[in-house]
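Spelled out from the first residue to the last, the chains are:
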Amino acid sequence: MEEQEITGFILMSMGGMLILALGLIFLSRVSKTQLIRQFREKEHQKEQYQHQLLEAAIDTQERERARIAAELHDHIGSNLQALKLFLHQLNMGDRERIERESTRLLEHTIQDVKNLSHELMPASLTDLGLQDSLYTFCSRLHSSGKVRCTYTCEGKDRLEPSTELALYRMVQELTSNTLQHARADSISIRLSIDKPSFSLIYKDNGIGLPKDLPEHSQGLGLKNIESRCQLIGAQWQYPKDELNQGFKIILSRKTEAHDTYKL
Amino acid sequence: MKEVVKTIASYASFLPFILGLLLFQRAEKSIRYLTVLLGIACITELTSKALAIRGISNLFLFHIYPVAEFFLFTLIYRPHFRTARARNTLSGTAIGFLIFTLVNTVFFQPLHEFNTYGRSLESLLLSVISVTYLMTEINNMESVTKREQPMFWINTAVLMYFPLNLVFFFMSNFLWTHFSREFNNFLWDIHALLSLIQYLIFTIAIYTNWKSRKSPVLS
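If you're matching them up, the sequences are chains A and B in order. Take 0 as the starting number for the first sequence in numbering that gives the first Met the number 0 and just add one per residue. Take 0 as the starting number for the second sequence in numbering that gives the first Met the number 0 and just add one per residue.
Honestly, I wouldn't trust all of these hints.
[Stated by the list, open to error] Straight line, CA to CA, 20 angstroms or less: simulated SDA-like cross-link-like pairs of lysine to any residue: (1) A/Lys41 to B/Ile137; (2) A/Lys31 to B/Thr131; (3) A/Lys45 to A/Trp235; (4) A/Lys31 to B/Met134; (5) A/Lys247 to A/Lys155; (6) B/Lys5 to A/Thr6; (7) A/Lys31 to B/Arg81; (8) A/Lys31 to B/Val130; (9) A/Lys31 to B/Leu123; (10) B/Lys5 to A/Met13; (11) A/Lys247 to A/Trp235; (12) B/Lys28 to B/His111; (13) A/Lys31 to B/Gln148; (14) A/Lys155 to A/Ala122; (15) A/Lys113 to A/Gly128; (16) B/Lys5 to A/Lys31; (17) B/Lys48 to B/Leu192; (18) A/Lys31 to B/Ile137; (19) A/Lys31 to B/Lys28.
[Unchecked claim] Pairwise CB distance ranges, derived in the manner of DEER restraints: (20) B/Thr92 to A/Gly15: 21 to 27 angstroms; (21) A/Leu19 to B/Phe107: 25 to 31 angstroms; (22) B/Phe173 to A/Glu42: 55 to 61 angstroms; (23) B/Ala67 to A/Val29: 32 to 38 angstroms; (24) A/Gln60 to B/Val127: 55 to 61 angstroms; (25) B/Ala49 to A/Leu19: 46 to 52 angstroms; (26) B/Asn183 to A/Glu42: 55 to 61 angstroms; (27) B/Val127 to A/Ile249: 48 to 54 angstroms; (28) A/Gln44 to B/Thr131: 39 to 45 angstroms; (29) B/Phe23 to A/Gln60: 55 to 61 angstroms; (30) A/Leu10 to B/Phe23: 36 to 42 angstroms; (31) A/Gln171 to B/Glu27: 24 to 30 angstroms.
Simulated from the structure, these hints should not be mistaken for lab results. Glycine residues also receive a C-beta, built at the ideal position from the N, C-alpha and C atoms.
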């Protein structure tokens with residue numbers, strides 16, 4: 000082989016390797032930059048979503064406080080005010096009538112306090128558990144005549160107090176949504192517990208969710224539900240009904256990995 | 000001009016070595032191993048020149064140096080491979096290369112011959128290691144920006160030197176025995192240029208490590 004041919008061969012092989020090396024370095028840099036950008040965008044979206052959930056949770060808390068304040072002022076406060084007036088008139092008028100009215104007023108006030116207390120934290124939840132509390136809740140709802148409510152339950156296990164409370168609140172939220180927005184006349188709640196797993200299926204026959212609902216829901220109530228699910232390590236799904244009627248949500252937890260109280 | 004480049008290339012390892020020594024205390028592990036490697040390169044270069052001046056064959060150095068070089072490169076790369084399997088493979092390869100060099104020196108290419116097989120194998124292995132590192136780094140979300148990552152520069156230096164010299168190292172004994180001295184000198188001049196580029200990139204690697212440790216890591 001002549002020197003020129005050898006030179007050409009060696010230089011070409013060096014040149015080829017150089018192009019390959021530079022190409023690899025360039026490609027890896029471009030891929031890496033793109034991956035990092037995608038990763039950061041995803042992190043940013045996650046942060047924004049968490050921020051929205053937190054905002055929703057704080058907003059709900061404030062609304063609840065405002066509702067309790069209104070309840071205290073409008074009913075309990077005004078009852079006690081009336082009672083005070085009656086007591087002032089004890090020595091002036093018909094003592095028997097005033098005592099009767101005062102007792103009636105006191106009974107109403109006590110009942111209002113009991114109702115409010117039950118709404119804030121149902122005693123049956125701590126004492127009897129989620130299954131019985133939901134049964135009571137559904138019975139009251141059904142008895143109110145606003146909506147038909149059916150409730151089925153499998154499993155007698157008690158879950159962690161935080162999980163039971165979170166599920167109870169979520170059912171309250173869902174029924175509130177149904178009554179206010181869904182124009183439904185029927186609700187069905189199916190609870191299945193096999194500790195630590197559980198599954199809660201809530202359905203109504205109302206107008207359902209908008210067809211173009213994004214993966215992360217927009218409504219305050221549903222955001223609260225997502226927030227609570229995250230806290231107890233549960234997943235949520237909005238499966239579409241075959242006839243595309245009504246609203247359905249499945250709340251479930253299949254492992255024991257996410258119970259924050261265990262930590 | 001050629002002589003100037005050749006002379007600069009001969010002593011090109013001294014600049015990054017001195018810089019590495021000055022910044023040794025604050026350097027990360029990879030840079031410290033690189034500094035040791037550069038120190039060995041400087042010693043090898045000086046010894047090689049001293050022997051050449053006295054008319055003594057210095058080819059035996061090129062049986063010893065590749066082993067030390069490869070071993071230190073595996074130490075540099077090892078912490079940056081995430082799986083135990085990859086790290087153990089790297090360690091196994093270093094031991095395998097040592098055994099190969101011993102066998103090659105004893106049975107095939109004695110100390111007075113240029114170590115073409117060893118040097119070529121080393122070039123091939125380091126080419127594979129550097130490409131593998133490049134591929135695994137793509138998915139590493141913990142990396143800081145490329146310019147500030149010393150390993151990026153070390154790997155670039157390896158990728159610019161070893162693959163390009165692979166064919167040349169393999170053919171060097173054949174070229175020495177079948178072609179003129181001038182022709183061989185021309186090819187070794189090209190090698191000297193690549194060597195110079197490699198050491199300059201090593202200097203950048205050491206400098207970026209010093210800079211990133213001086214200021215907060217950017218993400």
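How the hints compare with the structure:
no.: 1; hint: A/Lys41 to B/Ile137; verdict: holds (17 angstroms)
no.: 2; hint: A/Lys31 to B/Thr131; verdict: holds (15 angstroms)
no.: 3; hint: A/Lys45 to A/Trp235; verdict: holds (17 angstroms)
no.: 4; hint: A/Lys31 to B/Met134; verdict: holds (10 angstroms)
no.: 5; hint: A/Lys247 to A/Lys155; verdict: violated (24 angstroms)
no.: 6; hint: B/Lys5 to A/Thr6; verdict: holds (19 angstroms)
no.: 7; hint: A/Lys31 to B/Arg81; verdict: holds (17 angstroms)
no.: 8; hint: A/Lys31 to B/Val130; verdict: holds (15 angstroms)
no.: 9; hint: A/Lys31 to B/Leu123; verdict: violated (25 angstroms)
no.: 10; hint: B/Lys5 to A/Met13; verdict: holds (19 angstroms)
no.: 11; hint: A/Lys247 to A/Trp235; verdict: holds (11 angstroms)
no.: 12; hint: B/Lys28 to B/His111; verdict: violated (35 angstroms)
no.: 13; hint: A/Lys31 to B/Gln148; verdict: holds (13 angstroms)
no.: 14; hint: A/Lys155 to A/Ala122; verdict: holds (18 angstroms)
no.: 15; hint: A/Lys113 to A/Gly128; verdict: holds (19 angstroms)
no.: 16; hint: B/Lys5 to A/Lys31; verdict: violated (37 angstroms)
no.: 17; hint: B/Lys48 to B/Leu192; verdict: holds (18 angstroms)
no.: 18; hint: A/Lys31 to B/Ile137; verdict: holds (5 angstroms)
no.: 19; hint: A/Lys31 to B/Lys28; verdict: violated (24 angstroms)
no.: 20; hint: B/Thr92 to A/Gly15: 21 to 27 angstroms; verdict: holds (25 angstroms)
no.: 21; hint: A/Leu19 to B/Phe107: 25 to 31 angstroms; verdict: holds (29 angstroms)
no.: 22; hint: B/Phe173 to A/Glu42: 55 to 61 angstroms; verdict: holds (56 angstroms)
no.: 23; hint: B/Ala67 to A/Val29: 32 to 38 angstroms; verdict: holds (35 angstroms)
no.: 24; hint: A/Gln60 to B/Val127: 55 to 61 angstroms; verdict: holds (60 angstroms)
no.: 25; hint: B/Ala49 to A/Leu19: 46 to 52 angstroms; verdict: violated (37 angstroms)
no.: 26; hint: B/Asn183 to A/Glu42: 55 to 61 angstroms; verdict: holds (57 angstroms)
no.: 27; hint: B/Val127 to A/Ile249: 48 to 54 angstroms; verdict: holds (50 angstroms)
no.: 28; hint: A/Gln44 to B/Thr131: 39 to 45 angstroms; verdict: violated (33 angstroms)
no.: 29; hint: B/Phe23 to A/Gln60: 55 to 61 angstroms; verdict: holds (57 angstroms)
no.: 30; hint: A/Leu10 to B/Phe23: 36 to 42 angstroms; verdict: holds (39 angstroms)
no.: 31; hint: A/Gln171 to B/Glu27: 24 to 30 angstroms; verdict: violated (56 angstroms)
In this structure, the earlier hints numbered 5, 9, 12, 16, 19, 25, 28 and 31 are contradicted, and the remaining ones agree with it.
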